[in-house]
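Colleague: Here are the chains, one letter per residue:
2 protein chains.
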Amino acid sequence: MENFEFVSPTHFVFGHDAEAQVGTKLAERGATRVLLHYGGKSAQESGLLDRIRESLAQAGVAVVELGGVRPNPEITLVREGVRLCKEHQVDWVLAVGGGSVVDSAKAIAVGAPADVDVWHFYETKEQTDDILPIAVVLTIPAAGSEASKNAVVSNDELGMKTGYANNAQRPKLAFLNPELTFTLPPFQTAAGLTDMFCHLLERFFDDVGAVPVTDNLNLSLMKTIRAEAPRVLADPENYDARANIMWTGMLCHQGLAGVGRHEDWATHGLEHELSAFDTSITHGAGLAVLFPAWMEFVCDANPARFAFYGREVFGLVPTGDVQADALSAIDETRAFFASLGMPVTLTELGLTEETLEEAIDFMLPTLRINKGEPFGSFKPLTMEDAAAIYRMAL
Amino acid sequence: MENFEFVSPTHFVFGHDAEAQVGTKLAERGATRVLLHYGGKSAQESGLLDRIRESLAQAGVAVVELGGVRPNPEITLVREGVRLCKEHQVDWVLAVGGGSVVDSAKAIAVGAPADVDVWHFYETKEQTDDILPIAVVLTIPAAGSEASKNAVVSNDELGMKTGYANNAQRPKLAFLNPELTFTLPPFQTAAGLTDMFCHLLERFFDDVGAVPVTDNLNLSLMKTIRAEAPRVLADPENYDARANIMWTGMLCHQGLAGVGRHEDWATHGLEHELSAFDTSITHGAGLAVLFPAWMEFVCDANPARFAFYGREVFGLVPTGDVQADALSAIDETRAFFASLGMPVTLTELGLTEETLEEAIDFMLPTLRINKGEPFGSFKPLTMEDAAAIYRMAL
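Chains A and B, in that order, are what the protein sequence lines are.
Note that this note's numbering has the first sequence beginning at 238, numbered continuously upward.
Note that this note's numbering has the second sequence beginning at 238, numbered continuously upward.
Next up, chain A with everything else stripped away, as it sits in the complex (with noise of 0.2 angstroms):
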């Protein structure tokens, strides 16, 4: 187990009208002007915005609007939130919306009270304190944002998507109401599913030992996305099945399911190059693609930690050939995304063999993560592996 360091101070209210407690909850705390950043217009025509610009007004908290986010959040809205921040002398930020939100609300958070651009945080890693509270109102679960140290965001003109990651970012209140979910289409609820089980995979294969107390966490979260993904995508409207979901999404991605392990994010890394090539390629479906590839191609490096996977979360009984059992593993894994109506191949995706070593062209040297070095843990991959998963992916 090596020497870590956690801290998730997210206070989260959870349940049918969470979201009615936002202005109370933000006036207790001392907020006198919010900044309210949303997207698209699902959140306006649901009539969930006016419920919160209500609950604000009735708490004496103040409003500043700023919509629009979209998909792969940027740079350009972000700066907008920070002057508009600056101008009104905002004292906290308020995303309502899933994870793409709440990513802009973090950079417009760590932007507002520095004297240098946003980007700079971005470009450097530099960490601050001095940062302004978030609050998230979650309608999306899939990234795990509203809890998560980290961010993601896009800079189109440099044709960048970087991430920013800082315990000071992490969102002070989290409102998660599971009707929220009730209306979200399958493919989005399931490509949700996917980034959520895609998180645990990459803290739990890595280069430590086994870490029992968080192996056995980790490994309870995966179980529940298996057992509840088929009632949640059979039932939208499953108020439970919702609830659990909605709450291991969280869980996912906070922190505990790996702490004491190295973690490798390697995927995570060419799927955001992937969807960087190709920005109709949603995160959840490119891991769907890509994570059993990855599987395959590192597999070698230690079969047993894929066997005992399978065991636990799939209930396959061991067979006597660790080599065998691994593989089965990975296969119930491609099964399991594809059962969910995820793509399982880059071809179901569109990509050909010519267009996919365009790709591979496009791709390679922007693969930010590493900057050209080996980069994962569980087998650290050099540039031609990394081409080799994306054919393999095929």
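Hints are computed from structural coordinates only; laboratory data are not their basis.
Please read these numbers as outputs of a predicted model, since none were measured by experiment.
Honestly, I wouldn't trust all of these hints.
The list treats identical chains as one, so a pair stands whether inside a single copy or across any two.
[As the list claims (entries may be wrong)] Within a straight-line C-alpha distance of at most 20 angstroms, the following computed EDC-like cross-link-like pairs (lysine to aspartate or glutamate) qualify:
(1) K262 / D366
(2) K278 / E394
(3) K409 / D366
(4) K262 / E242
(5) K409 / D328
(6) K323 / D558
(7) K323 / D352
(8) K409 / E242
(9) K460 / E549
(10) K409 / D367
(11) K460 / D568
Chain A is fixed; fit chain B onto it per the hints.
Modeller: Chain B alone, transformed into the frame defined by chain A:
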């Protein structure tokens, strides 16, 4: 899944030499003068206190000291701590020890800023946010007080032992170095393992249906204790076993293992009376005796829940007879506690048929948990039920 709020703001520093960071971490957070609070001789003789004094001195943090915390910490010493904090304008309380020291530190931190005597909060359960920040260097994994919202304090004058729960008294910093637990005697190690296991049982058995995310997480911790307990008892200086147990002990009582459930806590109530009647009884040992008896008494309310627990934690194969499976799970629980070297009958704790009746006459009128009302949620217990459970435990 019931509505809930949850927050666990503790910043953990975990691993080898964690306590060497006490001074810098406290100074970073603005501490200028701490109350260094501890128990008996072991922290002094091991050199731990000297290392902590050195770390604080190097960071320029002034120290006021108060040792002498006893098991079942008492309000008189708490009041002395409050007086010292007021007199010396202490701004942090630093506990070095196990659950008793941390609980005493929590009570001091509550009392120090208050205009009323600290017992007021234990008596009325009145909530306050005006609490000194608390840091912990943990030496005994058991109570989970290093991250929990709870503290239990005795008042010898009133013949009472009672708890106070407040999220604002959760420690802000916790230093967990598994090496500090290498010298714990086997009985104390085993009593700690029992206490943490019972913190999970109290959360698992209640009147709420399945909450898969919480239940699976809870069960994963039970399995970790079951697997690591023999390792740590056979090989007390096994760093990884001690590390897994130390982190598990925190997770068992920090709250995640019960969110969305009502929880029960009847058995803890019964045990607090027992160890108040005979103060030589260790809390973990009292729980090892009373929990299986409670299980047998309440099992009929939902035998399927016990059968599920037996399957998951002890690997019991279902027989088709849920009642029989439930009883097997209870037998396994008792056998597990016995395997740790814990007593499993009141007889082993020195009670006889006659002295037990005296004990019951002493305990029932003061069963503080409920003031005579039925208590617990899996199956609400009357005073007669409580007496029956004590008698079953003989």
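Colleague: Now tell me if each hint is right for this structure.
Modeller: Results for each hint:
no., hint, in the structure
1, K262 / D366, "between (22 angstroms within a copy, 14 angstroms between copies)"
2, K278 / E394, "neither (26 angstroms within a copy, 64 angstroms between copies)"
3, K409 / D366, "both (13 angstroms within a copy, 16 angstroms between copies)"
4, K262 / E242, "between (28 angstroms within a copy, 12 angstroms between copies)"
5, K409 / D328, "within (13 angstroms within a copy, 23 angstroms between copies)"
6, K323 / D558, "neither (62 angstroms within a copy, 67 angstroms between copies)"
7, K323 / D352, "within (11 angstroms within a copy, 40 angstroms between copies)"
8, K409 / E242, "both (18 angstroms within a copy, 13 angstroms between copies)"
9, K460 / E549, "both (8 angstroms within a copy, 13 angstroms between copies)"
10, K409 / D367, "both (14 angstroms within a copy, 19 angstroms between copies)"
11, K460 / D568, "within (16 angstroms within a copy, 27 angstroms between copies)"
Hints 2 and 6, counting from the list given before, are not met by this structure.
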